[in-house]
Each structure stands twice: as C-alpha cells, then as structure tokens.
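**Q** Fit chain D to the known structure of chain C by using the hints.
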Amino acid sequence: MPESIRERVMVRFERCVGCHSCELACRVAHSRSGSLAVAILEEPKPKRRIFVEQAAESPAPFLCRHCEDAPCVRCCPTGALRFDEASGLVVYGVDRCIGCHACVMACPFGVIQPGAGDLFVVKCDRCPDRDLPACVEACPTKALVLERDFLLDRRRRTVRRFVEAARTAGTEADFVATGSIGNP
Amino acid sequence: MKTVRTVCPYCAVGCHLDLVVENGRITGLEYALDAPINAGRLCAKGHAALDILSHPQRLTHPLRRSPSGWKRVSWDEALDTAAEQIQRILSTHGPQSLAFLATAKGTNEENYLVQKLARVLGTHNVDHCARLCHASTLTGLGPMLGMGAATNPLWDLARSHCLFFVGSNLAENHPVAFQWVQKAKDAGARILVADPRRTPTAWIADLYLPVRPGTDLALFAAMLHVIFQEGLQNDRFIADRTTGVEALRASVMRTDPHWAARITGVPARDIVRAARLYATASKAALIYCMGVTQHVFGTETVRACAALALVTGHVGKEGSGLFPVRGQDNVQGACDMGALSGLLPGYRPVTDAEARSFFEKAWGLPSGTLPTTAGLTVTEIEQAAGKTIQSLIAIGENPVVTSPNSSKTREALQRLPFFLVVDLFLTETAELAHLVLPAAAWAEKSGSRTNTDRRVQWSSQVVPPPGEARPDWAILVSLAHRLGLAKYFPYESPEDVLEEIRHAVPAYKGITPERLRQSTCGIPWPCPDEAHPGTPVLYENRFATEDGLAKLYPLEFAGLPETPDADYPFCLTTGRMTLHYNSGAMTRRTESLLSRAPYLTVEVHPEDAAREGLKSQDHVWVITRRGSIKAQVHLTRAITPGVVFIPFHFPETNRLTQDVLDPQAKIPEYKSAACRLEKVIEG
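Chains C and D, in that order, are what the protein sequence lines are. The first sequence begins at 1 in this note's numbering and counts up by one. The second sequence begins at 1 in this note's numbering and counts up by one.
Only chain C is shown next, with the shape it has when bound in the complex (with noise of 0.2 Å):
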C-alpha cells in the first residue's frame, strides 16, 4: 500500500475563500464518467463528501476525520464500516452495508451522508486510486493539505517565523529557538 494512503487531508481554515472547487472536485471524483462535462448530466447525482459549511462568517471545508475510535465502525451492525489498521483509513465496504443509517446518526461531525441510487451510505474514501485527493488537488488556496505535507508546512513556517525574528531582533529569537522563554 503506498504511504500516502495512510495521510488524512487537513484542513488550514484561514485559508479557505469558500469557492467550492472541493466539493465539485470531490463529485466529479467521485461520479461514473469522472470527467465534469458527463458528471452533470448523471442520475443519480454524484454526491460530495466534502462540505463547505459558513461557520462565524467564515467558510470551512469540512471532510471525514477518519477517527481511529470511530463512532461509525463501534455502531456498524454488519462491518460494512471498519478502520483499516494498514491504511489508517475508516474504510466503507458496500457489500456489507445495510443502509440501516446507524453511522449517519452516528458521527459527531455530519459527514456521513445517506447515498444515493447504489450506495447506501456516502462517505470520504480519501480518493483510494489517487495520489493527492481530489479535494486537496482541487483547493486554489491550499486551504487542503495532506498531512505529510502540512506538517512539512508547519515545520517550515514555524523555522522561517524564528529565523525572520532572529533577524529582526536577535536575542529574543535565540531564547526561542532554544526554548529557555517562559521556561527561566
């Protein structure tokens, strides 16, 4: 199993300008054709598992937590939700699935979705046959991010926030980056 699969999509809310291009790159993912000019005109409508909400006047996307201690797997009657330990992944198998709607009820962040004509559940599957998801590769702003690399982001900006302070007013900088600050 590739490596990436095992990275959850994280989420830089002050980045997020609302466009929705996560949410229409999540459908066409998602849908039959997987080409947006086809996807339109399917029936059922391919459905999103990603969702823009407006939360204090600012927009949020918001997507499956893959919880390692899942409300949704703990509820499943017949396993059609488990966590994958290889993948670190809550995965959804259609085969066992019910549509008893116990997961929807379920999870505490909404993001389970009754399906539409052959799924009976809709949930993010962190796009299993692409490298980057859809959602993330979709977001102009780099709102979405990868966990790998948002910690490689964070790592760097955190380095770059000490080496500009450092620059500007020394001293201070070195006590941070040595951590002796608010520790005396």
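One should not assume that every hint holds.
[Unchecked claim] The calculated BS3-like cross-link candidates involving lysine-lysine, where the alpha carbons are at most 27 Å apart (straight line), are:
#1 K615/D <-> K630/D
#2 K509/D <-> K487/D
#3 K185/D <-> K317/D
#4 K630/D <-> K679/D
#5 K45/C <-> K615/D
#6 K679/D <-> K45/C
#7 K317/D <-> K283/D
#8 K615/D <-> K47/C
#9 K509/D <-> K317/D
[Claimed, not checked] Negatives, chain C to chain D, calculated, CB over 10 Å:
#10 K45
#11 A60
#12 R155
[Said to hold, decoys possible] Listed next, the stretches of chain D that the computed footprint assigns to chain C, with coverage defined by at least 3 CB atoms under 8 Å from CB atoms of chain C:
#13 40 to 49
#14 172 to 183
By construction, these hints were calculated from the structure, which means they are not laboratory data. For clarity, every value in this text was computed on a predicted model and none was experimentally measured. Glycine included, C-beta positions come from ideal geometry on N, C-alpha and C.
**A** Okay, now just chain D, sitting in the frame of chain C:
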C-alpha cells in the same frame, strides 16, 4: 457523571444502551460496548432514542376535553373523572361495555396490570397491537408446537447453514440483528429470501424469490410438495417427534411448483431449489415476520412455516429453528402477560375452567367473576365502539394510524361515550379522547421487558418523567384504587408486580427482580425456578404440547379476498422502512429521523411507472376501494412489477388497507389490496 444501562425502546432485538447522567439529567448516550447482545451497536432509531425524552411536545399534565379545547386538570380530578365514568358505565351497561388496549411499549408489569384491571372488572375485552402483527403466530404455532414464540435466540442465526427469510426485512427493521446473518453468510451459509420487494435483506441472498403479496402459503405448500416428492424429509424426526404427517402430505400432493409458480410469480425451478437448499442443510433457520402473519390466511401460513421446519427436522437445536421476529420492544412480554382477549397470563385460554379458577383464586376474586368466553380483539373493539363498547382505555396505542381501513376506526372512536388515552404525546388517537393522561417513557420508569427471543431484561429508571407525567403502572394502580379495587392492587413498585407475575406465569417463575438486575443479558423464559439459567433453545427434547409431540395439520387454500382487476390494476402492499417506527408517534417527532425520511412515498417499478406516465417524485393519488391518499413516487427496480409499496408509518396509509380478518387470529389483511395510481394534477 455516571452511566446507567437501559434497554432500547424501539424494536424487539433488545439492544443495551448506556445513558450518561449528570446532575440528575441525561446528557448523552454511550455505546454499551460490553453488552453481550449488541456489543455497542445501535441502529438509527436507537441513536435517536434520547430525543423522545426531552421532546417539547411531550404531554406533561393530564388534559380534559372541554368545548373550548383541551383543559389542563390535576391528577386528582383526572383520576376521579375516569373512575366516575368507568363506574357509571359499569353500573348501567355491565362489564362487557368496557374495553382496554394494553401496550407493547409498556413493561411486563404494566401489561400485567392492564389485563388484571380489565379482568377484575369482569371483562376479557383487553387486547393490544400483537393482534395486528403476530396474533397468527400465536394461533398458528401454539397448537402445533405448544408455544407461539421464537424457538431460538437471534444470535443463533450466526450458527445456521441456511437462512430462509419469508416476509421479513430484518436488515431494515432489526439492523443490529443482521450482524448474525452476515456472520452466517461469512461462514458459508446460504441465504434465501422470499419477498415482493428486493429489500436490503435480499441483497445478500443466494436465492431471491419474488413472491406476490399474500401468496406465501402456496410457496410453502409447493416446497413441502418438493420435499415429500424427492424424499428430502427427515423421517426419523417426523416419526419420533410429530403426528399428523400423512394428512399434511396428502394436502400438498397437488401443490406442485408449476401450480405455485402461477400463483406466486416465483419460477418453479427456484421453488425446487429453495426446497432443496432448506431441506438438505444440516442446520436451517426460518425467519418470518409480518409479510407472513398480516394476512387473511395468516394462521394457515404460519402453520405452513412450522410444517416446513418440522418435516425437515429443523427445530429444537442450536442454529435450527423458527424465528417469528417481533416488531416492538415488548410485544412478546405483553402476550406473555395475557394482554390478549382470549388468553390469560401464561397463555392459558379463557375458555379453560381450571385456568379461570386458578386466577380467580390467585387474585382473590369471587368464583365466576371471569367470563367464560373470549373478549373482543383490537379490531372488534373498534367496530363495537359506541355500540356495545361504551368506554375505552387505550394505553400507548394509536389505532387511528395502525388499524386497517382507518377512516372507519376514527369514526368509531368518536362515537365512544368515554375514551381515555394514556400516552407520551397527543397522538392522532389521543386527539379523539375525552381525557388524556401523560405517561412516562422508557428511561423514566423501571420494569422488565421481553425481547423477540423470549429474553426478559430489566430496564432501570434513569430520570424522573417530565412535568407531572407518571409511569403507566402507577396510573393503573391509582385508577384501580379509585375504583375501589385497592385490595387487588396493593403494589408499590414494579418489583412487587413482578413478584406476582412469577406466581401467575409459570415460565417466569424463576425470574426475580434481583436476578434480572444482576444478569448481563437477561434470562430467556421458560425459567421454572430461581436456580434455572433460562432456556435459550426450545423443544430440544420435547414439544410443549400435552403429549410432547408436534402436531402437523393439513394445509388449506382459499382465494385472496381482493385481487387486482381492471379498475384497480396494482397490488398494494405495506411495510416498514429504516428510519421510522410503527405509527410514527415517536419517529415522526424526532427531527433527525424525520428530516431524512419526511414524505410518504410509494414505490413503483419503472415499467409500471412508464405505463402510467409517472416520473420519479411525481405526486400521485393511491386509490383503493376504502379511500385515497397522496404520495410521492419513488421509482425502484427492487419491487416486483404490478406491486406498489407504501410504508405504514404515516397516518394516511391504513386508510387504504382491507377490512378483512383472519378467522382464527383476527389479524387484519394489511399486505395486499387492489389499488390504482392517478397523477395529482396541481392547481
């Protein structure tokens, strides 16, 4: 913060759920991961169970009808009025003018008290909704096997090698129980499903039989024919443990698969396959539900189910048995407690003089108090309302929604001189009452409940009821006291009532409140003494009949009372759906469930829709000889062409159903009616 374990109030699987209590209030629900029954799993309705407790529409005070609308009254005034009215009617019209509807949503103790109150007052006019779902199981299985209950625990399904579902949609209606079906399938079991709809239960079927509504009897008869013809019967079991096989064999001589194929719509070769798969499996389970029981030949069809299990020897061992899956959390218990017009507690017929004198002595009644003939059933009470029945006390029942041809039921209930309803909400039925008393919901009272596989479980009170609402048992005891019956109702707690039940119902003899509180997954009856662990599998060595042998009956056929014709070309069938429950009194008030299934829909096959000029989401009138209702079209290939399906959780549905009863069980025909569809023209 602490958690209290309770039993889910919805279907009859009996799942455990833990309620989180902080400062005397329920603040959340936790999965009972260590519960042996559901291991933390809950279905959508279980998840939404808490919404009922804190619902803003809950009744919190007694209400009395007045010319200007509902008037809030005190409990004293309400109970005095009720007692006065009952006494007036009793003295002018006699006890046969009183009727009681018990509830499968109440505890065993409450059901016991309802029937006791009716019988102490001198009438057997007490019944409950089992009459509308599994009465034919009692009348069908009772005489054949000795008891009309499931023979094995639900988890036994996992041990079966062949699971035959007839008229049961376990996946949608009892989702948690479906885990054992999946387990069996994983272990290589064959799954057979006979249903007019390719339900979620049928998705995993190895063989799906699209039987026409109401024709299951012909399917069973043809399977029995094949079994006898091919010598697949279990001769040893038949010889050792049954009687009457010759008459049965003779009655199925002519019912070959080609004959059945014409009636049922199932290809003859599939009937043969099904018979072979079921008969030759070393362990086979037959699971049936309302698709089999809610028919004018419900009793006959249940008998055919049992006959199939008996001639193949698939009864009385682990993994092999008959599973009539009950719909409500305590419908089994309410039956056990004798909340039925023809049966005293413990299934002793009211026509049995010995049984009557046993209860007269046990309850301290003068000899001859109990009438010698059966009382009126749910549907008969409604028919007689305002005529011979002058007073009706309905607890947790909503007949205006659940009874067949329900417009007639509404009219009948309006004729009643005195109508008392005890419920959680002002339901469609409560709106017609003269007096409405607020009841406590499941977590607001303690008591025992019996799930579909006869497992008696204790559910504790977690919080007090809202406002002035009271548990049914307390209401019944106070009403009995005001009627001057205090000496017959000396109870102070549900535990006191259970102590009496233990002496009245032999199967519950060993089930003490202490044992129930301590047991982690309840005690399956029969439990004859306090050291007995309970009986998960029935009939291992002998049947509960007098001679210990199962009785086989010949099968008889009659035509369906109403079949599609030129004016009404479709067959209408009704049933349940995942997100709603029975009359919808609770689930249609639960926003999280209602918002996901808000409309009444009618399932139509695309071919039928094309012929009628209907598109998905069109609004149509569904019309039968009884009435017409508006529904939204849902196109699906899951339904047999020529059949349309409507869920029965909406108040309109039962306006359409037929008003005919099975002669023995008095169960109404809900599953087939001739109908037509007409597009609604707006404006």
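**Q** For every hint, state whether the structure bears it out.
**A** Outcome of the hint check:
no., hint, result
1, K615/D <-> K630/D, "15 Å, holds"
2, K509/D <-> K487/D, "23 Å, holds"
3, K185/D <-> K317/D, "19 Å, holds"
4, K630/D <-> K679/D, "9 Å, holds"
5, K45/C <-> K615/D, "16 Å, holds"
6, K679/D <-> K45/C, "25 Å, holds"
7, K317/D <-> K283/D, "8 Å, holds"
8, K615/D <-> K47/C, "22 Å, holds"
9, K509/D <-> K317/D, "24 Å, holds"
10, K45, "12 Å, holds"
11, A60, "22 Å, holds"
12, R155, "37 Å, holds"
13, 40 to 49, "holds (count 8)"
14, 172 to 183, "holds (count 7)"
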